Amino acid sequence: MQNYEKHILTTRQFDRASLILLFEEALEMERVLAGGGNDLLKGRILASLFFEPSTRTRFSFETAMLRLGGSVISNYSMATTSSVQKKETLFDTGKVVSRFADVIVMRHPEVGSVAELARGSRVPVINGGDGPAEHPSQALLDLYTIWKERKSLDGVVIGMVGDLKNGRVPHSQCDLLKHFDCSFVFVAPEALAMPRGIVEELRESGHEVRETEDFGEAIGEMDVIGMTRVQEERFESKEEYAKYAGVYVLGKGEMGRARTGAIVLHPLPRVDEISPEIDEDPRCRYFEQVSNGVAIRMALLARVLG
Amino acid sequence: MQNYEKHILTTRQFDRASLILLFEEALEMERVLAGGGNDLLKGRILASLFFEPSTRTRFSFETAMLRLGGSVISNYSMATTSSVQKKETLFDTGKVVSRFADVIVMRHPEVGSVAELARGSRVPVINGGDGPAEHPSQALLDLYTIWKERKSLDGVVIGMVGDLKNGRVPHSQCDLLKHFDCSFVFVAPEALAMPRGIVEELRESGHEVRETEDFGEAIGEMDVIGMTRVQEERFESKEEYAKYAGVYVLGKGEMGRARTGAIVLHPLPRVDEISPEIDEDPRCRYFEQVSNGVAIRMALLARVLG
Amino acid sequence: MQNYEKHILTTRQFDRASLILLFEEALEMERVLAGGGNDLLKGRILASLFFEPSTRTRFSFETAMLRLGGSVISNYSMATTSSVQKKETLFDTGKVVSRFADVIVMRHPEVGSVAELARGSRVPVINGGDGPAEHPSQALLDLYTIWKERKSLDGVVIGMVGDLKNGRVPHSQCDLLKHFDCSFVFVAPEALAMPRGIVEELRESGHEVRETEDFGEAIGEMDVIGMTRVQEERFESKEEYAKYAGVYVLGKGEMGRARTGAIVLHPLPRVDEISPEIDEDPRCRYFEQVSNGVAIRMALLARVLG
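Chains as they are written, first to last, in our numbering: chain G, 1 to 306; chain E, 1 to 306; chain L, 1 to 306.
The set of hints was computed from the structure by calculation and includes no laboratory data.
Just so it is clear, the structure is predicted and the values come from calculations on it, not from any experiment.
Just so you know, even glycine gets a beta-carbon here, dropped at the ideal spot from N, CA and C.
You may find that some hints are simply not true.
[What the hints assert, rightly or not] Partner residues are not named here, just some residues of chain L that face chain G (Cβ under 7 Å, in silico):
no., residue
1, Gly36
2, Gly37
3, Thr55
4, Phe59
5, Glu62
6, Thr63
7, Pro269
8, Val271
9, Phe287
10, Ser291
Required output: the full structure, derived from the provided sequences and hints.
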């Protein structure tokens with residue numbers, strides 16, 4: 001990591017070397033998990049501050065801390081309660097909570113909120129999602145899942161499918177994947193295409209990027225099939241939505257056209273963009289991603305707590 | 001246990017032999033508690049998923065896990081929050097949470113919900129109450145309380161008093177007690193009588209069942225006085241309710257007519273169906289039931305986690 | 001402690017000797033903290049019952065328990081949920097929760113509520129704030145902060161500034177400080193002056209008390225500058241409020257008039273009565289008070305759990 005040595009706030013603080021190191025540490029953490037956990041962080045406390053609900057992310061961090069022998073103090077749905085009502089600044093919250101805990105993970109609906117808390121904190125802060133901006137541990141576990149499968153991120157054809165305009169997940173993935181020699185296939189309705197800035201940055205740094213609306217045609221090229229949800233409310237009209245609803249859905253038919261060695265990712269929760277009928281297909285990794293997320297977060301906690 | 005070897009979903013999965021074995025295990029757990037707990041489940045994590053509030057049941061399971069050296073991740077009032085908002089199926093929730101925890105206890109307002117979660121789960125699931133259907137650990141602790149007192153469940157006269165029509169507790173108790181040679185005295189207003197199906201099943205399996213509306217006359221026959229609440233809203237009119245209000249109440253007068261060796265049970269919380277003036281009567285077991293519940297849940301956790 | 005040997009319910013149960021003993025125990029706990037915690041309370045469970053939100057106080061008690069190797073079961077925002085809905089008495093809640101936990105901390109909006117819970121409890125109960133009445137651990141950590149600084153509470157000039165009429169904190173502080181040979185300077189608008197009863201009690205027990213509205217003139221006399229918030233809604237009119245708004249605010253200018261050896265206290269959260277520009281002034285102790293609160297609560301937990 002180049003900057004933010006103490007905190008984990010953004011995908012931008014990682015480079016190629018620090019990513020690979022982190023993945024190797026996460027792999028080691030999987031061995032720890034297989035052995036039933038350890039006592040590396042015994043006596044250390046994680047403060048889990050969730051100003052908006054996200055059971056999955058909260059459970060993942062808390063599990064990671066407990067598996068390393070640490071403890072947790074937890075406050076979800078703080079948003080409407082307590083000192084927040086009394087208008088305490090996040091800077092002060094950081095000052096105070098870092099007097100209790102040895103490390104803080106925070107999720108908050110506002111961009112920049114976690115960095116503001118970190119500014120006040122005496123202990124490391126990990127961004128658990130600050131609104132539409134960043135959710136670095138999710139992007140890290142996505143890449144880790146690919147890396148584990150392929151033993152590398154170079155030479156991989158990364159497909160991203162669905163709403164690439166509004167999704168925090170595909171944006172953060174690109175921010176990390178740009179450090180590797182992979183190529184990209186973006187499949188989205190024109191109205192939900194990947195932002196131009198991201199596409200240009202990838203191309204300028206030498207990556208091949210192909211964009212299409214036709215999932216059925218493109219799926220066969222992908223080593224990684226990264227699914228995201230297409231939400232009706234993102235479209236201007238029901239008619240517009242109807243053109244795409246069901247098109248960016250992964251079922252048995254689509255899997256028949258996918259590569260033998262491809263893997264399917266999804267940040268979960270899914271609604272109907274992945275049919276449960278393919279859950280048993282060995283190429284699907286979306287539930288295994290949940291386990292990988294625990295390993296990545298164990299590696300992050302171990303790293304920031306030295 | 002005959003079926004559901006992995007999960008604890010229903011009282012129906014227990015037979016006479018497995019019940020007595022469980023009670024002996026719970027008795028052993030009381031010795032563990034007297035010694036300040038142990039480390040049997042050190043490194044194991046319980047996920048406590050409460051989709052409706054039940055502090056008593058949640059605390060009981062969490063205490064049981066902690067007393068055995070395990071840890072807890074907890075999410076109550078999930079109902080209105082998080083991935084549930086995004087309409088994740090309980091099957092997927094089971095898939096995901098079982099990637100974090102080693103065992104799950106869940107409470108949910110809908111019948112069959114816990115079984116649906118268990119279908120997706122890779123780890124054992126314990127039913128903490130699925131709406132009006134089942135709440136097996138409560139029924140198990142009720143029987144355990146009787147078994148501890150009498151050293152047997154055979155030959156015991158079981159009284160059940162109050163709303164026997166709508167109460168989940170008396171129904172589940174009958175489901176377990178039918179494996180033993182006990183007899184029954186059901187005391188309820190006609191409109192709140194024990195369902196015919198349950199009475200017939202008990203009689204067909206050779207149990208004596210007497211039904212009456214007269215608590216004062218019947219209390220003297222009972223070895224076990226199982227109280228439940230009679231709620232005004234169950235009656236068609238205030239006049240109808242007024243006939244029974246105060247009739248199925250246990251106070252000093254009633255205790256004077258009860259057997260010397262009788263014991264009083266109540267699932268709690270009580271409102272006014274048991275007068276605090278009898279709390280010190282040595283026959284009252286309703287607060288001791290709370291402790292027995294911890295022991296039973298420790299035995300269940302130890303059993304499903306092998 | 002004279003009374004309430006088992007529970008910590010009120011500042012009134014402490015005398016001079018028991019306070020100094022507690023402060024010495026808290027100092028020992030700071031050494032434990034510096035060493036990364038210990039296992040003094042391993043296997044013991046704290047039930048954290050918060051019927052109104054107070055993240056800071058809850059985190060402080062839970063951290064204290066975890067640092068001593070204990071575990072926590074926690075229920076905040078119980079107010080609108082669970083058995084409370086079913087109108088269980090606090091006496092019964094005490095009966096029940098003390099079957100789970102080894103010690104209980106409770107916060108509740110009603111005066112006397114914690115004492116009522118304690119009446120039912122088989123285990124020690126610590127008052128985490130019962131409405132406008134008491135919040136003893138806050139007052140204890142305030143005094144501990146002064147005692148640590150001055151090595152004594154005798155001969156100290158205690159300043160209290162702001163809303164001294166409605167604030168639970170200054171009242172509780174006076175209740176404890178009266179055991180020491182300190183003198184007082186109360187700075188408040190007339191409408192928010194310290195209640196006559198408290199002033200008279202202090203004077204009758206031989207303490208010098210000076211009252212003024214002029215913060216700028218009085219600050220130079222204080223060894224301890226105890227700030228509290230002045231809330232607009234306490235005044236009869238906006239005009240009345242405008243006279244005081246900004247007057248009882250601590251900034252660089254005021255600190256220039258304060259003694260070199262003075263210390264600044266605030267119970268937090270602050271809104272604007274202390275300017276962040278003075279946070280780095282070495283005389284400010286309001287964030288260190290948070291750490292002192294953990295030490296005091298560790299000492300209280302260790303004391304009541306023997």
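Going through the hints against the structure:
no., hint, in the structure
1, Gly36, "5 Å, holds"
2, Gly37, "4 Å, holds"
3, Thr55, "4 Å, holds"
4, Phe59, "5 Å, holds"
5, Glu62, "5 Å, holds"
6, Thr63, "4 Å, holds"
7, Pro269, "4 Å, holds"
8, Val271, "6 Å, holds"
9, Phe287, "5 Å, holds"
10, Ser291, "5 Å, holds"
Going through the hint list in order, the structure satisfies each hint without exception.
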